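Residue numbers (the working numbering), protein chains in the order written: chain E, 1 to 340; chain D, 341 to 681; chain R, 682 to 1012.
Among the clues, some could well be false.
[Unchecked claim] Computed cross-link-like contacts, BS3-like style, restricted to lysine-lysine with a CA-CA straight-line distance of at most 27 angstroms:
hint, chain 1, residue 1, chain 2, residue 2
1, E, Lys260, D, Lys463
2, D, Lys463, D, Lys422
3, D, Lys454, D, Lys418
4, D, Lys418, E, Lys260
5, E, Lys260, D, Lys540
6, D, Lys422, D, Lys513
7, D, Lys540, D, Lys513
8, D, Lys513, D, Lys418
9, D, Lys454, D, Lys360
The hints are simulated quantities; they were obtained by calculation from the structure and are not laboratory data. Predicted model, so just to flag it, every value in this text is computed and none were measured.
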Amino acid sequence: MRGTSLRTYLITRLALVIPMVFILLTLVFLLLRVAPGNPIQAALGGHAPPGLVHHIEHRLGFDKPLLTQYWDYLWNIMRGHFGSTTTDNRPISQIIEQNGAATLELTVFAMLVAIIVGVFVGLLAGRFRDTPLDVGGRLFGILMYATPPFFLGLLAQLVFGVWLGWLPVAGQASPLTEALLQTHTNIYFIDAIWDGNWGALWDVTQHLILPGMTLGLITAGVFIRLTRINVIRTLRDDYIEAARARGIAEHRVVFHHAFKNALVPVITIVGLNVATLLGGAVLTETTFNWPGIGHALVTYLENRDYAAVQGIIVIYALVVVAVSVLVDFVNAFVDPRIRY
Amino acid sequence: MSDAILQVRNLRVYYGTPGKPVRAVDGVTLDIGESEVVGLVGESGCGKSTLGRGILGLLPDGARADGAVLYDGQNLVKLPRKTVRRMRGPDLGLIFQEPMTRLNPLLRISDHFKETLEQHEPKLTDAEVRRRSLETLGRMGIPPTRFRQYPHEFSGGMRQRIMIALALVLRPKLLVADEPTTSLDVIVEGQILALLADLKNNFGTALLLITHNLGIVAEACDRMAVMYAGRIAEEGPVREVFANAAHPYTRELLRSTISLDTTALHSIPGAPPNLIDPPLGCRFNPRCPSAMAVCNELEPVEQHPAPGRRVFCWLHGPSEMIPQGGQAPLEREAIGVADEA
Amino acid sequence: MATAAAPPPRTPHGRARLIALGRMTKPIREASGIARAMFWAGVAITLFFIVLAVFATWLSRYGFTQYTANGTRFPQLAHPSGAHWFGTTSLSDDVMARIVWGAQTELKVVAISLVMSLMLGVPLGLISGYFGGILDRVLVLIMDALLAFPYLLVAIVVAFLLSNSSIGQGVLTASIAITVAYVPLYFRVVRNHVISVREEPYVDAARALGARPRTVIRKYVFFNVVQNVPPIATLNAADAILLLASLGFLGYGIQPTQGAEWGYDMSRAVSDAASGIWWTGLFPGLAIVLLVTGLTLVGEGLNETINPVLRRRRYGAFEFEPVPGAVEEAE
């Protein structure tokens, strides 16, 4: 009986995705097509001869009526054709493969750090409320949240890179490793394990530590606060008092009832904070020269490459929607009350 | 009472505030006999819930208890918290008012039972746990097919039955029921009450039934105690108290009850007193229609108007303790409209 | 029986206001020590920066683009010293001056954005939540879609588009970018609250009595909803500072000629770090952390005291007075 209702929920939820994707894509299209200035001119530096501009405009379909452009745009996306950049003629799909993989490597590592540190400290802070443990944990969380990635990154680079010299401060891997490593997934960490190349694995890990910890600790700040609030709320729930009335030992009440139930919304919180993580990744990648999508976006923005920017934003939009659906799926699985 | 399983002696439970404490229970003495059903009645805020929780040691932060709750030769108030916790389940039980929120929504009913049984009797096998749970649930009218369902799949009435079964699965000697039917509709209420009234036959458990509904007390209880502003006003067998109330408060309560004979609505003017600074003397004196001068000065002493009955009221004497002029009617200001609850 | 008493005398207007104020601040006064300490610490820090911002002209030794004094050019990338407490940048600007003036920039831009976000988000949320219908559905879809995006991306895109237009880069662009990023948040919060308040019995009663929608919204819904805004706005201001600094770091913030901005200074400090020069980055960074922490403490403190789920009253210690007469003790 539980299986069917879960399935129905999933199908319904997927159906709701369509309008959201539709709106996002339309917004992106509108924003960049009706933006002031001639995008091609801007991408080519503003001094290109009109003939070249017209040629590129024609190639990209900019001379067609707006509505036609809109349909083409949607149709292309549905077929998976995201186009190419204007400035360096690189297919967006390649950007996804290479830069996307790098960002994935960074964000997954950072999210793990954020969850482990954030949830752990948050649980303790909520349980031992108003003790030094709680206050310390909260202050740590607040300070972490208040620290922009470029500041923490800067400090990390100064301390661990320049002064102590322990870890590298930029890039995904050293040039030698980059040249020698076979790329299967473009996620260097996985590729190194795939090949059994332990030297490369060590090198890649070293490069991953500073940016990953930076982004992870900062995001942990948000998780500490939210987990703590959830634990406090859950400890006030009626079934907690009822469990105590049955003589259940306090540590069991805290762990099996309070913490478990408090963590259910954490799944949603993690999902909601993927967006925060992606935003932070843009800054982290810029600080550490990490070749991810955020870094690419910033570069293409600087070069006024509208086509590239549009393609990348569409990718972000799709990722964001996919994550929100995934979060709802997991939630429905864990909490038996959520079924349509 | 000689065969009392629980003896409350001068229990006080105060809640801390930034100022003076709230004297929620201010000197209550009460006995509960084996397999007896005792009703504890009173208005909202009179301290009956606090008393029920206080007996089990389930007080919130900032609250402290003083006095004695004697069970099995020990004073629960003075015992370490861990010891009292171990008694909750096998010796003492408590069921609450709102069954809808008292079960963990993420756990099945079977998990709830398993946890309770394993906590107190860790040596039980899984089969034993299952057998005992199903047996108790069965007596509450829950079929075994629903054993592995989640709380949200049950109605309010059924959840209350599950709560009762959970409280009884370890066969405690005393069950405290804090307004167990207040949030249920009348028909379900009747069913639950029938279950509770029958505890002595099925389980040999005594019941302290806390309620503001006199009708329930009339139906289900052997004895009753009336509480006002943190103190017992009177106590005795249900029939006798109903037929011949000794305390003016009880009389007013009975008059306020609506029945098929009611032609006009009666209410007690004024509101229950502030428990931080309660009135001097008898706490009911500002609202009592029969108040005397002494009622505002001296606290009434326990009197026995009949065997097995107790009352705390100067109307029952003892006259030797009432000073000169104390029996004159009490002078007091008219209760303003704004003072009504 | 009650006798008819005269109606209580009306409290004079001023005294009624004081009583109302007392009632509003009651949660703060009754809150546990930790919440209050956090709140007041946050207030102190925030006030400090506000003072810096307002009195920058008098408090700062130098201007924010000043690189000379008395005809001599300041040293480039000088260590912190007596003349320059926080050192100088590669352009010979005094770091400390840029911190002080930066406070003015940050607070100015964030304040403008906050006001604009509120002016857009709150009314939209009120109308959408109260009247529902097609307008509501459409707005919710759009706002939810925007909210799903990282704030930074929304702000960057808007700033990017505006900076290529006639408005160009500057305070206005940054403010608009930040506003656009946060309007969906206020919209959603206000709308959700309106929906829950809308179904309350007292609103129903007002409608039953024939009150016009405008009156119902104004008198009942608005005040109820607005109470929730201060903690959210404060926490949002903290986030906005970070957003502005991030925009500045990426080059989409305030132009250096218009004002000092901490994020922008940090972007210039990145190259300094490789040479081991720490003061160009440390101080702007610390300033960001401190101001955001201050605002967050105020917001969290407000949350802790106002939000009934989290509120925790102080309990007093007390002693039981001995009762006259013996108490039975167990053997």
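Checked hints:
1. Of the pairs offered as hints, the one joining Lys260/E and Lys463/D holds, with about 26 angstroms between alpha carbons and a cut-off of 27 angstroms not exceeded.
2. For the hint linking Lys463/D to Lys422/D, the alpha-carbon distance of about 20 angstroms falls within 27 angstroms, and the restraint holds.
3. For the proposed pair Lys454/D and Lys418/D, the alpha carbon gap of about 30 angstroms is over 27 angstroms, so the pair is violated.
4. Among the hinted pairs, Lys418/D with Lys260/E is inconsistent with the structure: their alpha-carbon atoms are about 33 angstroms apart, more than 27 angstroms.
5. For the hint linking Lys260/E to Lys540/D, the alpha-carbon distance of about 38 angstroms lies beyond 27 angstroms, and the restraint is violated.
6. Only pairs whose Cα atoms come within 27 angstroms are accepted, and Lys422/D paired with Lys513/D is accepted, the gap being roughly 19 angstroms.
7. Restraint check for Lys540/D and Lys513/D: the C-alpha separation of about 10 angstroms stays at or below 27 angstroms, so the hint holds.
8. With a C-alpha separation of about 20 angstroms, the suggested pairing of Lys513/D with Lys418/D holds against the 27 angstroms cut-off.
9. A distance of roughly 43 angstroms separates the Cα atoms of Lys454/D and Lys360/D; the hinted pair therefore is violated under the 27 angstroms criterion.
The structure fails hints 3, 4, 5 and 9 (numbered hints given earlier, in ascending order).
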